[in-house]
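Take the sequences, apply the hints, and build the full model.
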Amino acid sequence: MNRLRNLILTIIAVLLFAFFLDKAPTFLNGYWQRILNLIAINAILALSLNLIYGITGMFSLGHAGFMAIGAYVSALLVLTPSQKNAMWILEDIYPWLLNVNAPFIASIIIAGLVAAFFGLLVALPVLRLGGDYLGIATLGFAEIIRILITNTARLTNGSLGLKGIPAYTTLFMSWGCLGVVLLCMVCMLRSNFGGVLRAVRDDEVAARMMGINTFRVKVLAFTLGCFGGGLGGALMGNLITTIDPRMFMITQTYNILMIIVVGGLGSVTGSIIGSALVTTMLEWLRFVENPITIGSINIPGIPGMRMVIFSLLLIVVIIFRREGIMGMREFTWDIFFPKSKAKPKTEHSDSDTVLEVRNVVLKFGGLSAIENLSFDIKRGQIMGLIGPNGAGKTSAFNVISGFYKPTSGTIKFMGKSIGGMSPDEVCREGMSRTFQNIRLFGHETVLQNVMIGSRIRQKYSWWMTLAPFIFTDVIREDSAVKARAMDLLSQLGLAEFADEKASSLPYGAQRRLEIARALATRPKFLLLDEPAAGMNPQESEELLQFIRRLRDEFDLTILLIEHDMKVVMNVCDYIHVLDQGVHIADGTPDEIKANPRVVEAYLGKGAA
Amino acid sequence: MRKFLAALMLVLMLCTVASADDDVIKVGVFNCLTGQNAFGGQLELEGTQLAHTLNPTILGKKVELVIVDNKSDKVEAANAVTRLIENDKVNAIIGTYGSSLAMAGGEVAEKAGIPVIGTSCTNPLVTDGKKFYFRVCFIDPFQGAGAATYAFRNLGLKKAATLVDMSNDYSVGLGKFFRDSFKKMGGEIVASLFYQSGDTDFTAQLTALIDAKPDIVFLPAYFAEGAIVLKQAKELGAPFKFIGADAMDNPEIVTLGGDAVEGFMHTTFAYDPSMPEMNDVAKAFTTEWNKIHPDKAPNVNCALGYDCYIMLKDAIERAGSAEPAKIRDALETTKDLPTVTGMTTINATHDAEKDMGIVEIRNGKKTFIGIVQPEV
Chain A
7 MNRLRNLILT
17 IIAVLLFAFF
27 LDKAPTFLNG
37 YWQRILNLIA
47 INAILALSLN
57 LIYGITGMFS
67 LGHAGFMAIG
77 AYVSALLVLT
87 PSQKNAMWIL
97 EDIYPWLLNV
107 NAPFIASIII
117 AGLVAAFFGL
127 LVALPVLRLG
137 GDYLGIATLG
147 FAEIIRILIT
157 NTARLTNGSL
167 GLKGIPAYTT
177 LFMSWGCLGV
187 VLLCMVCMLR
197 SNFGGVLRAV
207 RDDEVAARMM
217 GINTFRVKVL
227 AFTLGCFGGG
237 LGGALMGNLI
247 TTIDPRMFMI
257 TQTYNILMII
267 VVGGLGSVTG
277 SIIGSALVTT
287 MLEWLRFVEN
297 PITIGSINIP
307 GIPGMRMVIF
317 SLLLIVVIIF
327 RREGIMGMRE
337 FTWDIFFPKS
347 KAKPKTEHSD
357 SDTVLEVRNV
367 VLKFGGLSAI
377 ENLSFDIKRG
387 QIMGLIGPNG
397 AGKTSAFNVI
407 SGFYKPTSGT
417 IKFMGKSIGG
427 MSPDEVCREG
437 MSRTFQNIRL
447 FGHETVLQNV
457 MIGSRIRQKY
467 SWWMTLAPFI
477 FTDVIREDSA
487 VKARAMDLLS
497 QLGLAEFADE
507 KASSLPYGAQ
517 RRLEIARALA
527 TRPKFLLLDE
537 PAAGMNPQES
547 EELLQFIRRL
557 RDEFDLTILL
567 IEHDMKVVMN
577 VCDYIHVLDQ
587 GVHIADGTPD
597 EIKANPRVVE
607 AYLGKGAA
Chain B
9 MRKFLAALML
19 VLMLCTVASA
29 DDDVIKVGVF
39 NCLTGQNAFG
49 GQLELEGTQL
59 AHTLNPTILG
69 KKVELVIVDN
79 KSDKVEAANA
89 VTRLIENDKV
99 NAIIGTYGSS
109 LAMAGGEVAE
119 KAGIPVIGTS
129 CTNPLVTDGK
139 KFYFRVCFID
149 PFQGAGAATY
159 AFRNLGLKKA
169 ATLVDMSNDY
179 SVGLGKFFRD
189 SFKKMGGEIV
199 ASLFYQSGDT
209 DFTAQLTALI
219 DAKPDIVFLP
229 AYFAEGAIVL
239 KQAKELGAPF
249 KFIGADAMDN
259 PEIVTLGGDA
269 VEGFMHTTFA
279 YDPSMPEMND
289 VAKAFTTEWN
299 KIHPDKAPNV
309 NCALGYDCYI
319 MLKDAIERAG
329 SAEPAKIRDA
339 LETTKDLPTV
349 TGMTTINATH
359 DAEKDMGIVE
369 IRNGKKTFIG
379 IVQPEV
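Chains as they are written, first to last, in our numbering: chain A, 7 to 614; chain B, 9 to 384.
None of these hints come from the bench; they were simulated from the model. Incorrect hints may appear among the rest.
[To be verified] Okay, the calculated bits of chain A under chain B, using three or more residues with CB under 8 Å as the criterion:
1) 91-105
2) 290-298
3) 569-577
[What the hints assert, rightly or not] Here are some chain A residues the structure puts well away from chain B; computed CB gaps all over 12 Å:
4) Phe110
5) Pro131
6) Arg312
[Claimed, not checked] To give a feel for the contact side, a few chain B residues facing chain A, derived at Cβ under 7 Å:
7) Val32
8) Lys82
9) Ala86
10) Met111
11) Asp177
12) Met351
Every residue, glycine too, gets a C-beta built ideally from N, C-alpha and C.
Put into structure tokens, the structure is as follows:
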């Protein structure tokens with residue numbers, strides 16, 4: 007219902023805007039038309055960098071390089087042989103290049119594809135780095151591209167640049183491209199795959215435990231972003247009609263970065279508002295450089311003044327709205343209408359020994375965190391892993407869930423060896439976990455957090471999300487996942503929080519949400535890392551009931567680390583005890599309570 | 009705070025409402041007043057402003073200069089020219105330093121049919137195929153050939169080398185035209201070396217040059233880098249001479265290079281304050297410049313900025329009208345016009361044909377040593 011209304015409103019808005027563009031030449035002079043064009047191009051560039059930086063959280067400074075690739079590819083394709091002949095005055099153009107030609111639309115798509123290809127080449131080695139390192143590596147890449155263009159004169163005409171590129175970038179062309187980019191991006195970000203991108207940004211470790219191959223997702227987002235960079239560069243070249251390598255210096259990247267920071271990192275709406283604002287402000291502020299007369303006072307024009315004022319305005323924006331104009335929010339038609347709510351639905355999942363740990367050793371350099379650990383867990387068991395601080399419990403968890411590779415020993419899950427698998431692979435085998443320090447995707451809603459957990463059980467590919475109206479599987483599967491997520495939430499008593507931000511939940515609810523998200527991956531085996539941490543006695547009592555219910559309702563086998571002895575002794579069927587990486591005891595809760603070695607490990611020698 | 013800002017914005021906005029006047033000739037000036045090329049753009053603007061102060065009316069109409077900055081950036085250059093044409097409705101435009109900026113702006117002016125006179129954009133591509141773009145400077149091939157001619161004919165040197173900034177179109181172009189011309193006359197190019205803008209250590213290139221034993225090295229650099237090259241060459245004891253081009257024509261070069269620039273020569277436009285025989289225009293320019301800027305000597309950029317205005321004034325007067333199309337037609341027939349940088353004639357490709365001067369640094373002072381006729 008709301009969907010239909012929003013769709014109609016969107017179509018009306020698009021038609022109105024198209025009408026505006028069509029009539030623009032009659033009431034806007036060439037100057038304002040040029041600015042309109044620039045807004046659309048800047049918006050494409052900002053959206054593509056936002057996909058990389060704001061949404062997927064990769065700090066990239068290489069956008070100018072990808073723009074350069076796009077601009078050059080497109081220009082070389084649309085220039086005529088005679089123009090090329092006239093321009094290469096220093097060195098001869100490659101003969102094969104002389105006659106290469108393509109229509110404009112094809113040229114900008116090829117430009118985007120070539121930029122995306124280079125993006126992929128860069129991403130594969132570089133995205134193994136993170137944070138600042140990625141920024142520096144991409145910055146270096148952009149510089150390499152620029153120097154390559156300068157030095158391959160036979161291909162690019164070197165530092166002379168290209169000129170006379172036909173001005174194909176009309177209002178309809180630039181805004182049409184922006185429309186397509188925007189549509190694809192909004193569709194993708196609204197699908198569960200979009201949630202996955204944001205999840206990688208918010209918490210990569212947790213995302214991997216949700217079965218997401220985060221490296222692959224990052225490479226994808228980066229490559230898509232580079233496509234946008236190439237497309238924007240191509241449109242820019244065809245608007246300015248002349249390009250040269252010095253046009254694509256780092257300041258070009260800063261300009262785009264400024265737009266997305268002003269608009270709001272991670273917000274599509276923000277990128278568009280940001281580019282409109284920055285582009286028009288820079289031009290509009292030109293008047294401050296002209297001589298101004300206020301009454302009888304004459305102020306001579308000072309060149310560079312508008313940059314000073316512009317920078318001041320930027321600082322004001324950052325002081326009063328650090329998160330940018332839109333923050334991470336998006337425009338929706340719903341802001342004009344009162345809110346209505348949706349309602350939620352159920353289903354189930356199967357060897358006797360679920361987990362078999364044999365002689366596992368984990369060493370960090372000379373220090374051994376786990377020495378020769380062996381144990382089995384039978385299906386349907388709730389197994390406890392206890393020990394004093396630093397006993398190696400969480401290390402054991404990390405080895406089992408794939409975050410650490412065991413130095414030696416074997417781990418078999420459902421009869422299959424998983425030692426050395428990555429967390430996302432382990433997750434796909436049917437294992438999930440929670441973390442000692444809660445790791446939710448804080449900026450996402452409760453519902454989205456759970457939906458991201460279900461992504462690995464969905465069949466559609468990421469590219470289908472660019473056009474969900476053609477690949478309706480996306481819509482169907484997403485709504486199924488949503489229904490299941492709502493179901494999980496109501497089973498765990500979180501349904502009322504579904505649309506709230508995960509980070510705003512009370513502590514106990516966050517713990518339960520983390521479990522709900524783990525359950526969404528449809529595990530057969532669940533690892534709980536200190537579920538009772540920070541809970542009061544009342545809450546930990548509820549937790550006891552909850553863990554038993556989990557096993558019964560979801561047909562789970564559970565391994566749990568816990569310090570709260572009341573929880574451990576009451577809920578576990580069997581307990582293993584570690585001390586300083588060594589397995590010192592195992593048995594039923596009653597046996598453990600009576601074991602002198604355990605008491606010694608916890609309370610010191612004298613106590614036993 | 010916010011209210012204050014809002015009020016401030018409102019005041020600023022009101023100030024933009026300008027009054028229109030029909031009896032005014034509007035001349036747009038777009039140049040690099042900020043950004044990496046500002047040192048050249050500022051000097052050219054001052055030259056143009058000086059010419060405007062001395063000739064405030066043309067055909068009895070008041071001339072108004074509309075000045076816009078292009079930030080040494082291509083996108084801005086195109087925006088600036090569009091703004092001059094569409095918002096300020098200028099009759100003609102003067103600018104700019106930097107050929108790539110001229111190309112970006114030129115495309116817009118071409119479409120709108122507004123004549124532009126380039127100050128020091130020397131890349132041949134700027135006016136290539138353009139009906140409305142002219143320039144008051146000569147072009148790179150001419151100047152490269154000029155340096156080669158002077159080295160081969162006047163100095164009698166047979167072995168030359170080039171040291172070129174790979175990332176700069178001006179430098180790359182001049183280097184190529186110098187080599188071509190020098191070889192054509194019968195000389196030998198013994199080495200052709202490169203650096204990148206922003207480099208500070210040239211010892212590798214200089215050592216290679218010393219090994220190649222040229223008689224002279226052509227250095228089409230900007231003055232800041234050029235001065236460093238000359239300094240390092242002196243430290244390494246390089247035995248050969250250096251010759252540069254007009255981008256080295258800046259009084260700063262002596263300050264930066266000290267005694268290392270002694271004996272350095274460069275080609276330039278046929279104007280220098282040290283010239284023994286100046287034409288009347290140059291004399292007037294030098295006197296007036298020194299009145300306004302007693303603390304800095306004029307250089308070629310100031311002269312070229314000045315000449316653009318002179319050339320435009322001449323065209324408007326000959327056309328008898330400030331209509332853009334008529335100005336264009338008159339500009340095309342500019343012949344033997346006395347300007348600061350010598351007699352200016354516009355050729356078929358809209359480039360200025362004029363004499364080329366040679367300057368040498370003697371006793372720490374720029375000294376004009378003669379005029380050369382390049383063998384192109």
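Would you check whether Met111 (chain B) satisfies its interface hint, that is, whether its CB is within less than 7 Å of any CB in chain A? Holds: closest Cβ of chain A sits about 4 Å from Met111 (chain B), inside 7 Å.
Could you check if Val32 (chain B) really has its C-beta closer than 7 Å to a C-beta on chain A? 15 Å, violated
Per the stated criterion, does the least C-beta distance between Phe110 (chain A) and chain B lie above 12 Å, as a non-interface residue requires? 16 Å, holds
Quick check: do three or more residues in the segment 91-105 of chain A have a beta carbon closer than 8 Å to a beta carbon of chain B? holds (count 4)
State whether the coverage of the segment 290-298 of chain A by chain B holds or is violated, taking the criterion as 3 or more residues with Cβ-Cβ distances under 8 Å. Held - the segment 290-298 of chain A has 6 residues with a Cβ nearer than 8 Å to chain B, which meets the minimum of three.
Is the nearest Cβ of chain B still more than 12 Å from the Cβ of Pro131 (chain A)? Holds, since 25 Å exceeds 12 Å.
Holds or violated: Ala86 (chain B) as interface residue toward chain A, Cβ cutoff 7 Å? Interface hint status for Ala86 (chain B): holds (5 Å vs cutoff 7 Å).
Taking the least C-beta to C-beta distance, is Asp177 (chain B) closer than 7 Å to chain A? OK, holds: Asp177 (chain B) within 7 Å of chain A, min 4 Å.
Three or more residues of the segment 569-577 of chain A near chain B by CB distance under 8 Å? violated (count 0)
The hint names Lys82 (chain B) as touching chain A; please verify it with the least Cβ-Cβ distance against 7 Å. At about 5 Å, which falls below the 7 Å cut-off, the nearest Cβ of chain A leaves the hint on Lys82 (chain B) intact, so it holds.
Say whether it holds or is violated: Arg312 (chain A) keeps its Cβ farther than 12 Å from all Cβ of chain B. 8 Å, violated
Going by Cβ atoms only, is Met351 (chain B) closer than 7 Å to chain A? 27 Å, violated
Checked against the numbered hints listed earlier, the structure breaks hints 3, 6, 7 and 12; every other hint is satisfied.
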